[in-house]
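Q: Input sequences plus hints: build the corresponding full structure.
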Amino acid sequence: MSNVDSAGSGLAIVGWAVTSPFGIGRSVFSEGLAAGRSTERAIEQGQGPAGTACLVPEFDSRAVLGKKGTRMMNRVTGMAVSTMGDLLREVSGHRLDPDTTGLVLGTTVGSAQSTIDFTRGSLTGERPFHVEPGLIPYAVMNGAAGQCAIWHGVKGPNATLAAGRSAGLLALNYARRLLLTGRAGTVLCGAAEEYSVARAWISERSAGNDAPGAVLGEGCAMFALTAEPTDEPPLATLLAVKAMTCSDGDWYATIRRCIEQTVAAAGVQPCDVWMASPSGAAGAAGQAERAALGDLFEVGDRLVSITELVGETHAASGALQLAAVLGLAERNPESAQRLAVVTSTDESGTVAVCLLRLS
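Just so we're aligned, residue 864 is where the sequence shown starts under our numbering, counting upward by one.
No lab work stands behind these hints: they were computed from the structure.
Computed beta-carbon distance windows for the label pairs:
no., residue 1, residue 2, range
1, 908, 1108, 34 to 44 Å
2, 1045, 890, 33 to 43 Å
3, 1164, 1132, 18 to 28 Å
4, 1025, 952, 22 to 32 Å
5, 1131, 996, 46 to 56 Å
6, 955, 909, 37 to 47 Å
7, 908, 1091, 50 to 60 Å
Glycine is no exception: its CB is placed at the ideal position from the N, C-alpha and C atoms.
A: This is the structure in structure tokens:
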């Protein structure tokens, strides 16, 4: 096992925004979670092998963002740009300096559809370079993060993390490091994943025996973190983030060790943890997550799993888990000053854990 450490004092989460299969915005997301409402819907024939998916309802980049600059914009970029706009409106009361505001976005491969469309054009065109030039900015992995920064005028550090299902929590870790090393005053971080025909077929063909026919979902969640003093109490405080690699197949041991080290790094006790959110991964990794959380913490019905409601959102899953914890905590006055743990696993072997104190 290898590990990545990110130590330091707690960082304030001063805002969050979400676009999910429940719809656009925090309120509809929290209401859908509280009601336990499934978002699985039938899709049109030819839109994927599964026949159903959990899609952001009626999302269209041109309708949400306007026609200027969105003609070739893919779905994941549209969701990221839109969600970041919602986040900036949420934190408009905080003084953000564009030059010192960073952006970190987690992804799997960017847009699989844009990449495949670009490649297909190169192979089927009269010449290999006869491709649609408008696709180029969106066919690269960091296209969404770049467009977010350009669209909203954010000029600080800009990073894209390709880490599959753990991308959201690793984006938090990266944001934490930017803040603790003084490279940014505020960081907007999160993760996004789109549904597309290309992604659906990739998922179908690459699914292991323990994860057949997963219902795919999509979405984006973003958070504003700062190490600077705030006029108002934060929504939560990020206390610790850790990541490890499970290289020997013993998911339970790696997950448990990662959780224990995260809790120890924050200087708290397992008995203090009030809420937990496993990633809902299929197969052995997901089972090990639930087992480790159940063995370490007594959270009862405050075990928040959202995959059953919004589908397999891959890169966006960790960010949506954190959004779910914050959204449900806002609806429960007993959450004040309580601790919450969010865990994530990826089939590549990555295990990530974050610990936060709710406000």
